[in-house]
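Asker: So the protein lines, in turn, are chains A and B.
With my numbering, letter number 561 in the first sequence gets 561, and the count goes up by one each step, no holes.
With my numbering, letter number 622 in the second sequence gets 622, and the count goes up by one each step, no holes.
To be clear, the hints were calculated from the coordinates, so they are not data collected in a lab.
Treat the hints with caution; some may be incorrect.
Heads up, the list lumps identical chains together, so a pair's fine if it works in one copy or across two of them.
Said to hold, decoys possible - Result set (PhoX-like, lysine-lysine): computed pairs, CA atoms no more than 25 angstroms apart in a straight line: (1) Lys31 to Lys47; (2) Lys652 to Lys89; (3) Lys500 to Lys18.
There are 2 protein chains.
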Amino acid sequence: MNPDIIKERQNATFDVEKLTYILDGGLEKTKRRREIESMVFSDPDFKEEDPNFLSRSERYDQAVRKSAQMILKLREYGIADPEEIYCYKTMVNGNHHEAMGLHFVMFLPTLYSQCDPQQSKKWLPLAESFQIIGTYAQTEMGHGTHLRGLETTATYDPATQEFVLNSPTISSIKWWPGGLGKTSNHAIVLAQLYTQGNCHGLHAFIVPIRDMNTHVPLPGIVVGDIGPKFGFNEVDNGFLKLENVRIPRENMLMKYAKVEPDGTYVKPPSAKLTYGTMVFIRSLIVGESARALSKSCTIAIRYSSVRHQSEIRPGSPEPQILDYQTQQYKLFPLLATAYAFSFVGQYMKETYHRISGDINDGDFSELPELHALSAGLKAFTTWTTNSGIEVCRMSCGGHGYSRSSALPDIYVEFTPTCTYEGENTVMMLQTARYLVKSYRQAKAGQQLSGIVSYLNEAKQHRVQPQPVAARPTVVDINDLASLVEVYKQRAAILVELAAKSIQQEMQNRKSQEDAWNNSAIDLVRASDAHCHYVVVKLFTDKLGEIGDIAIHSVLSTLALLYALHGITTNSGDFLQAGLLNVPQVHQVSARIKELLSQLRPNAVALVDAFDHHDKKLNSVLGRYDGNVYEHMFEWARRSPLNATEVHESFHKYLKPLRSKL
Amino acid sequence: MNPDIIKERQNATFDVEKLTYILDGGLEKTKRRREIESMVFSDPDFKEEDPNFLSRSERYDQAVRKSAQMILKLREYGIADPEEIYCYKTMVNGNHHEAMGLHFVMFLPTLYSQCDPQQSKKWLPLAESFQIIGTYAQTEMGHGTHLRGLETTATYDPATQEFVLNSPTISSIKWWPGGLGKTSNHAIVLAQLYTQGNCHGLHAFIVPIRDMNTHVPLPGIVVGDIGPKFGFNEVDNGFLKLENVRIPRENMLMKYAKVEPDGTYVKPPSAKLTYGTMVFIRSLIVGESARALSKSCTIAIRYSSVRHQSEIRPGSPEPQILDYQTQQYKLFPLLATAYAFSFVGQYMKETYHRISGDINDGDFSELPELHALSAGLKAFTTWTTNSGIEVCRMSCGGHGYSRSSALPDIYVEFTPTCTYEGENTVMMLQTARYLVKSYRQAKAGQQLSGIVSYLNEAKQHRVQPQPVAARPTVVDINDLASLVEVYKQRAAILVELAAKSIQQEMQNRKSQEDAWNNSAIDLVRASDAHCHYVVVKLFTDKLGEIGDIAIHSVLSTLALLYALHGITTNSGDFLQAGLLNVPQVHQVSARIKELLSQLRPNAVALVDAFDHHDKKLNSVLGRYDGNVYEHMFEWARRSPLNATEVHESFHKYLKPLRSKL
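Whenever a hint applies, use it, and build me the whole structure from the sequences.
Answerer: Following this line, the structure appears as structure tokens:
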């Protein structure tokens, strides 16, 4: 164990273990998580070479092998609870993804939710026994976000009682679905349904794409891998071109909408039912943000505690780089953010489960709010995390660029969350739509409830943001409740500003749609402020649940840092709205410096509490024992370019060059 | 040609070709650049597979082959001017780096500048004929920025008249030098010189590391590749462990400092002489920022003009995504930044050459200012570009993640500029040191000249930032000269704030060094504001040189957008300092929206003017002809995972799995 990191742990003012229980949701959960994790890291079948040393094809191969092994092991160990499966899999996958992920996350759930009883009887046993491996083919080369724009067609032919599927244009080629390129033999294909000469919009069809025995693509199917990406090397994201592919009528998923044998179309009873999965996945992504950021902070902060560099005082030994104020200013606000997002992730999971219960009871009343919240928070947390990972990486100096640090892997595997499951700007605008609608309802006298209830105050005191002097400033910058209030007012003012921009554009004879587009900058800004408020509020609320005094104290410091740092980086908003005055903004800056010093002795303990196992981090810089340099050297020597002392290029090019000059 | 992009080009209000001349520095330069570029893209020897389809070893191999070819071709064509060589090489290397880069950029220049006459006679012919391929081994595993901390030792042994080189610890192993791992047979090693029992600090030694005939590492040399990184796959960044390696006394570079045969150390006459190269490379990086950002904007803006998605008005065809305000707000400020940095890059190059002339005449007076400016601007431009590339990438939706877009490559090849040649935060603090020193001189009554002359006003009117109402606000947000003035005042106030923070810390009985560290956040902020002012000023100055009315007009719009966008994103600073009032900040937001609309018709033409050849961009999304989808499909089909229809993992894992369940 590195002596610096031992000293860091001795300096902590709280019980790390107890904080881990809080993050996991209780002692029992921590215990079980560690049990599952130890099944993986003590299992010789999961010993493997660093994927960074392998070719793309080898990485894919290794990922398929692990997928197959996991299926067998999970059955062997009787692990069936979704959270436990998730825990097992993340331990196996480390910083990378699973080749067969979409079979579990999209293909099976879609079968469960959209098969009618006969279909269930036919398809589920095949899919559950992996005779069928499937994927979910929605996005096309020319269309991602806008589902109505998808071009793939499924035309019903009553003569043979079949659907004929086609990719009518280049841009209609299915593009991106994970596992489509090489792994899957079936796909659920989303296509525009045509029957009796009418288009009935998007519907889902089960399409066999490869022979179940030979795995060779079927006639009319052009399928393959879309090529190397930024990350996701383990996943065969694929393309699929359909050329007059015929499938039986029964392959349309018919739990809701139907096509009768004669071609008569039967509408689904409600459109709301497909809403849920999307909301669920977006809620999960909030938790993924917390995990990616907490891993990155763990690596950067542990490394900063063992790395010595330069000098603060001449002649003294080189300080740990964590002693530099600039380093603390880079990392501690991100550490606070990782905690904030962890608690928001917990909240989203709980809320989803609560509301799912309501939905099963036929009560959809809270769904719009959850939908708006999950969209905005998905964007807010992934954007913040995305840039935060890179700040962590660059705070490690040169070594952050080495794949041995794991930070490049964490980044490239995380960054797609900003785009998939709803592009972030589109997500922010969806939340804005809800906020503006709520604002208008409040203006019209309706009493709002839930998270947007602050907009009720809209009709009263606010007209235009006013110069600083005119506003009372009773904010206590050391009081979280007071800061939550300030964030709330900022959100309210920015929602109002966006709504007024739309109104003004319409007064300038713009159509409602153009007015919306011409106000989009303000709308995104309003959503962002709303989400920021929610995060500050949930972090503050969480403190109320924490009994342990030492932990309460350090988490309060983190929450305060989170709130004040957000004020500094958005000080223009708070000044513009007159919510804070100039001396207060200066006080905030000074207070932040104090908080950085206060957090300094607990920094390593705070990342330890995330309890990311070395095997999961897979980072020489983030090792628990702090023994960075030895392991970096060892890792480098294993690198494939060192397999031979002299690379063949010397004999091929460099030696011959001499004689040509 | 895609019809959308044809229409875009027809809408332009200025002559693209003429703007290209301005960016290149004149018609003749453009002509010559294109001549050189066409030598490359018409040369069958440089036809190659996309490096993204190759393994690390194959990529390195291909890069060495190209390096060797380039050496021959440049001689064949008689290209010897450094700028023309640079132009040729960037065309060959595309978005990637050269394996042998350090031989040209560091090894040869160090020999030229630090060999004494006998040494020149011995080493230069060997290095210029590539008998010797060399690198520059400075950084160690445990030390990058802080040169005094380097641990490698060179101990003089007068008995044999040799130096004995050692890596005394793990952390002293040389780490990161490009070309060290596999390519080089010699290295210039920076080591602490010991002679007659005393340490004389860092000196440079020529160390043979591989046999010149067999290329096998020499005795006592442990050398290899440091393993995969985030980018730089073509480069064999290496490690070097020295175990009692003996080199003749004459292998110490002795133009300045010397060790006599008996071990007597002779000091160098001046320390300033090694300053120049560093300043030069940092100045060049400013230009690299402009190039990387202009490439990224070219890709994102061209793609946004041919990509259609969603709907603004229901029922209408899907609009080009460039019509969304949010998309414009992401891309146009970056486009303006790319122009700003291009002109700043020109300025830095000119200034460097001017001051180099002075230095050769023995006049060092302007060097400190250039040193401070190049450090800060290196950090300012690379940070901005680094995050800007990612904004461009994510503005392309899913396809931005594909390696076919080139944006992931541009990012990973660019991001190390934030760390190498001076870590950015350290750079910002170096500039801050100069600013605070200048501020104190001004306070002490000295009259400053040059770029910091604005600090002369420090002693007069500013004491503390004041509330908004108390300040006169005569800023015209449509007048660039007025905005330059506001940026200048912001910089002055933030320099003063940082200086006062140091003063206050010292009043609290902190040592000068701790006071500095406890003010580091403010110091970085001051540097940032200073650099921002310089960029706004240089962009504005450039407009004065432009005669063409149409081009002047569109560049003025860009400059205004650059300045106003900077105000919005830092509005807190301007409000806090009382430089702008709240209504003005609102006006700025409104004005920015107008500028986005104004720029919309010229967006494609403005990126065309950068004149990045398709071969250099290597992006299916950024193609000049806009034919994106066909080429993406074609690229994907060439991807190595599609070499076989059925991947072997099916037979190895998936088929056997069925029987085990």
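Asker: Each hint: holds or not?
Answerer: To see whether the hints hold, each was checked on the structure:
1. Lys31 to Lys47: Cα proximity of Lys31 and Lys47: one copy only (23 angstroms, versus 58 angstroms across).
2. Lys652 to Lys89: Between copies only: 21 angstroms across chains, 45 angstroms inside a chain, cut-off 25 angstroms.
3. Lys500 to Lys18: neither (48 angstroms within a copy, 43 angstroms between copies)
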